[in-house]
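Could you slot chain L onto chain X? The hints should help.
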Amino acid sequence: MSSSKSNKIVKLESSDNKTFEVEEAVAVQSETLKNMVDDGCANDTIPLPNVNGKILEMVLGWCKKHVDETVTGDELNKYEADFLDLDQADLYGLLMAANFLNVKGLLDRVLQRVADMIKGKKPEEIRRIFNIKNDFTPEEEEEIRLENAWAFD
Amino acid sequence: MAVDWTQLPQELLKSIADSIKIYADYLRFRAVCHSVRSSVPNTPRHLPPQLPWLILPTGQSDQYKTAFFDLQIARKLQHLEVPDAVSHWTFLCGSSHGWLVLLFQSPGVLLFNPLTRASFHLPPFSAYSNAQIVNLFEFEINDEMGEIYMRTFREMLDSYIKKVVFSSSPLSNNFVALAIINQCDILAYCKKGDLTWTLIPRTMFCCEDAIYYNDLFYVVDKHGAVAVCDVNGASPIVSIIKPQLQMGGDHQYLVNSGDDELLLVTRYVDVQYDDVDPNKIVSYKTARFEVFRMNWSEPRWERIRSLGDRMLFVGENSSVSCLASDFKGCLGNCIYFADDSDFKYNSVNGDYDLGIFKLLDGSIEHLPSCQRNFRSRNDWPPIWVTPNPC
Chain X
401 MSSSKSNKIV KLESSDNKTF EVEEAVAVQS ETLKNMVDDG CANDTIPLPN VNGKILEMVL
461 GWCKKHVDET VTGDELNKYE ADFLDLDQAD LYGLLMAANF LNVKGLLDRV LQRVADMIKG
521 KKPEEIRRIF NIKNDFTPEE EEEIRLENAW AFD
Chain L
907 MAVDWTQLPQ ELLKSIADSI KIYADYLRFR AVCHSVRSSV PNTPRHLPPQ LPWLILPTGQ
967 SDQYKTAFFD LQIARKLQHL EVPDAVSHWT FLCGSSHGWL VLLFQSPGVL LFNPLTRASF
1027 HLPPFSAYSN AQIVNLFEFE INDEMGEIYM RTFREMLDSY IKKVVFSSSP LSNNFVALAI
1087 INQCDILAYC KKGDLTWTLI PRTMFCCEDA IYYNDLFYVV DKHGAVAVCD VNGASPIVSI
1147 IKPQLQMGGD HQYLVNSGDD ELLLVTRYVD VQYDDVDPNK IVSYKTARFE VFRMNWSEPR
1207 WERIRSLGDR MLFVGENSSV SCLASDFKGC LGNCIYFADD SDFKYNSVNG DYDLGIFKLL
1267 DGSIEHLPSC QRNFRSRNDW PPIWVTPNPC
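Note that the protein sequences, when read in sequence, are chains X and L.
The numbering of the first sequence is the numbering used here, which starts it at 401 and goes up by one.
The numbering of the second sequence is the numbering used here, which starts it at 907 and goes up by one.
The shape of chain X in the complex, shown without the other chains:
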């Protein structure tokens, strides 16, 4: 049998006005939401103006999977790996949402995914992947390169 909180539902509204209803056990995977529940502020719909519907749905899907006791360890690993196979825009949104909602396991996995995308790449490749503009002057770049030339060959 599930825990004593099993019947409570938490209602969430994304920035683009989509509403989601989830069990409390799912919602409290987010420390941010857990605090609101504990403080008694979760009785009405909670607005989340900095998370859009698409990303919120992903986050809640993650949380649901992680409270599901029928999921095996292997299934969970595969789920997590597939989950993070996203384009960089969605990855960005997920990173921001996981940070804001403070879903620790998800945040750690997203950070690791980003670090893996950086691994072995030169700075210009990293810029391309993450759509970052190079705002160093050629002199600054050369200075940075010379500081640790061995890493930039």
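Since the hints were derived computationally from the structure, they do not count as laboratory data.
All figures in this text were calculated on a predicted structure; none of them were measured in a lab.
One should not assume that every hint holds.
Here are the computed lysine-lysine pairs in the DSSO-like style, where the Cα-Cα straight-line distance is at most 27 Å [to be verified]: (1) X/LYS521 with L/LYS1128; (2) X/LYS465 with X/LYS408; (3) X/LYS521 with L/LYS1191; (4) X/LYS465 with X/LYS434.
Chain L alone, transformed into the frame defined by chain X:
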């Protein structure tokens, strides 16, 4: 629609950097743009031990740079600048936590980090206990049998310091160094701020290697007995463990496997002597290794046949263990070995003893090497050093 990641809040950029495990990746990330550079600290403090580099004597004198062999970057030679004051008048005799242990003739001790070019002084070792300095370059040794013989400074260097290991980088507050000196018989330690080395009363003979693990120093002798030294308090506390199974082999190394296991690595060396002069060594080459893990409950060294994904680095350095899967181009289940002979500074012929021993089939792949018997300048002998930005 692409998103500009520099819009991320500073603490998230820092969190991304904290998830990076390889120093070169960290440096390249910081080189991406101003916003990343200012959000991410100059010196990372979270990195796990990095893949060691091999200092390689190039056999060329008048170099202002020292060559490092990087296993990963297409096995390329890197060059790092070393201040003249450091490279010209010092003798390399150890490496721990990314810092090189260098001896002056006096005998002062200098620690040098080749990555950051920082240096740090340790108290000099006191006068060699059974040796008298006769002149600037020679020592007169009185051994326990009453025999007196002469040794050059270079010969002393080879035999006087067996190993120096640290608890951490010398820049950290609870830094302790442990040295095996005087031809393997004496253990000495010094803590940050100490003005002299403290001797640990004679515990074992023929100490071969030491490592620091979980606040304690573990020292092994040539038979596989282990002295556990607690130097945290005012005076040292030592307990000796004599595992079943006496060891053979020519060198013993202790390694922290990284999985909370203490490993013993035994090195077997083939030595060839000159046909004419039987005292002259013409070849000194490692033949094979055996690896054991400590079973504390008995206690007993148990032979293991595979290291899995692990790579071990042994030699004059403080032993290191890394996971091959963390580093592209590296092979697990291997022992990467550097020269550990007693005549790195002596005129002995043949190349340095370097290579990669593969536990899978017992084969040895050679690493680039050069002749031992080098020239006028005090080139550093080959030694593993872990790049450490701290």
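What hint numbers does the structure not satisfy?
-> 1, 3
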